[in-house]
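Colleague: With these hints in hand, go ahead and build the complete structure from the sequences.
Protein chains in written order, with our numbering: chain Y, 1 to 193; chain X, 1 to 320.
Just to be clear, a hint being listed does not mean it is correct.
Under 8 Å between C-beta atoms, here's a sample of chain Y residues computed to sit facing chain X [unchecked claim]:
#	residue
1	33
2	82
3	86
4	89
5	94
6	96
Pair by pair, the computed Cβ-Cβ distance ranges are [unchecked claim]:
#	chain 1	residue 1	chain 2	residue 2	range
7	X	96	Y	88	23 to 29 Å
8	X	86	Y	88	35 to 41 Å
9	Y	101	X	97	44 to 50 Å
10	Y	103	X	117	47 to 53 Å
11	X	54	Y	32	56 to 62 Å
Hints listed in this document are in silico derivations from the structure and should not be mistaken for laboratory results. Model, not experiment: these values are computed from the prediction. Every residue, glycine too, gets a C-beta built ideally from N, C-alpha and C.
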Amino acid sequence: MTSAQRSGLDLDTSRVVLDEADIARAITRIAHEILERNKGPQGVLILGIPTRGVALAQRVAAAMSRVEGVPVAAGSLDVTMYRDDVRLRPARTLEATTIPSGGVDGATVVLVDDVLFSGRTIRAALDALNDVGRPTAVQLAVLVDRGHRELPIRADFVGKNLPTSLVERVEVLLSEYDGTDAVVISAAAGGRA
Amino acid sequence: MRRHLLSGADLTREDALLVLDTAAELRALADRPIKKLPTLRGRTVVNLFFEDSTRTRISFEAAAKRLSADVINFSAKGSSVSKGESLKDTALTLEAMGADAVVIRHSASGAPHRLATSGWVRSCVINAGDGTHEHPTQALLDAFTMRRHLGDLDGRRVTIVGDVLHSRVARSNALLLSTLGADVTLVAPPTLLPVGVEAWPVHTSYDLDTELDKSDVVMMLRVQRERMNAAFFPSAREYSRRYGLDERRFARLPDHAIVMHPGPMNRGMEISANVADSTRSVIVEQVTNGVAVRMAVLYLLLSGPDTRLDDEPAGQEVEK
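Modeller: Listed below in structure tokens is the structure:
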């Protein structure tokens, strides 16, 4: 079974907007931009939002440490319990929250997610982060920004701006979970990615 | 998952693993400076305790509060129950107050089932111990504690020793642990094994010593003197000699084996003080894990669409 079939994508109506090389380049650029903005990796903590954000966070951190030659810490931040739709949808499975040693107090936290859409996940992440500690600053990196924000939230680092219609579906496939790297856009209904 | 948690048998293997995995994530909360999640804000959890309890009531209260639910504690002493109010009228009062979940402990076996199926309340009902019947969240926290120490429970050998007849913990554990693939052996004097135990998914034995060296877990049960209205064994001393976990028996356990007890303990009766305080005793950890497991149960039962509104009879106006 291919990853496209597994994720319910119909390849006839979907197209690949970023392939493996594009994703790698976007991650490298994001890593450079994070280093430039923060004047190096000191005090920077990369936290991925499950599920796909975690793998992206690890790749960004790895790219940063390749550039700087020092290890960069990456972790994960589960936002399930902070979502604003817990009353509307069936209970979701919790994912792991792993905060690297040192914690978030006084650090510059870069949240990493795959797709930025309504902004509600990031709002939940900011609340979740607030209960873990008090970072000096919080920045946001996403692989794809597809627009249609419902909250006043913007990304600091964007892999690709992808204007979409609300009925379209944007899916990020990563080799850690899907066996391949790709960003796929499809006309499937129920387009929340 | 079902809407109520009344029995260890209500959980399929997938449900049970979902609860345990959720609890594993929630347990990390205990190490954080802010031990609170906003998930159940605005939901009301009623602790309806018709029977005395320390750890279960406090554990449910802490679990509900850490999920930001409002908690109403009700104990039979000092309430209208002591004036003769029936379970039904108490339930109707709770329904009128709009409880989303009712955690009930009752001395009568089957009281939670009655509450859940009678139509008196629309809340989720969680059994926190009914008579000599079941105590499913205790079984979940026991399974959770075992998984933390032993990993996957498939094929693990769990020996449950003591007053099985009066133990709701033993029944719930036997049902849940066998669902999870563990091999459960009940050890008790013949007088303290319930009628019909042959139909349980367990082995039984009258001799603790033959079971010790193959056990991964030994769970000691409290001798429930308050429920004993007949002579089940000749004397406390004789019971302790044959079924108590003392240093001599403890030394015969495999090195990785853990000792559990649902509490409260009778030190010197079913378990010696040295064994209860040893490093391989996880009795205190069971209490810590209880909060995480009960948070997982409350989260999984209470999040999602408002169950109270769902159950409204069709065609009737729902006031929101």
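Colleague: Each hint needs a verdict: does it hold in this structure or not?
Modeller: Hints, verified against the model:
For residue 33(Y), the interface hint is violated, the least distance from its beta-carbon to any beta-carbon of chain X being 31 Å, above 8 Å. With a least beta-carbon distance of about 6 Å to chain X, the hint placing residue 82(Y) at the interface is held under the 8 Å criterion. Because the beta carbon of residue 86(Y) sits about 5 Å from the nearest beta carbon in chain X, less than 8 Å, this interface hint is met. Taking 8 Å as the C-beta cut-off, the interface hint given for residue 89(Y) holds, the closest approach to chain X being about 6 Å.
Given hint, residue 94(Y) at the interface with chain X, holds; its Cβ is 4 Å from that chain's nearest Cβ, closer than 8 Å. The criterion of a C-beta within 8 Å of any C-beta in chain X is met by residue 96(Y), whose closest approach is roughly 6 Å, and the hint holds. Hint check: residue 96(X) to residue 88(Y), Cβ distance near 26 Å, so the stated range 23 to 29 Å holds. Between residue 86(X) and residue 88(Y) the C-beta distance comes to about 37 Å, which sits within the given range of 35 to 41 Å.
Range check, residue 101(Y) to residue 97(X): Cβ separation about 46 Å, and the 44 to 50 Å hint holds. Separated by about 48 Å at the C-beta atoms, residue 103(Y) and residue 117(X) satisfy the suggested range of 47 to 53 Å. For the hinted restraint 56 to 62 Å between residue 54(X) and residue 32(Y), the CB-CB distance of approximately 58 Å keeps it satisfied.
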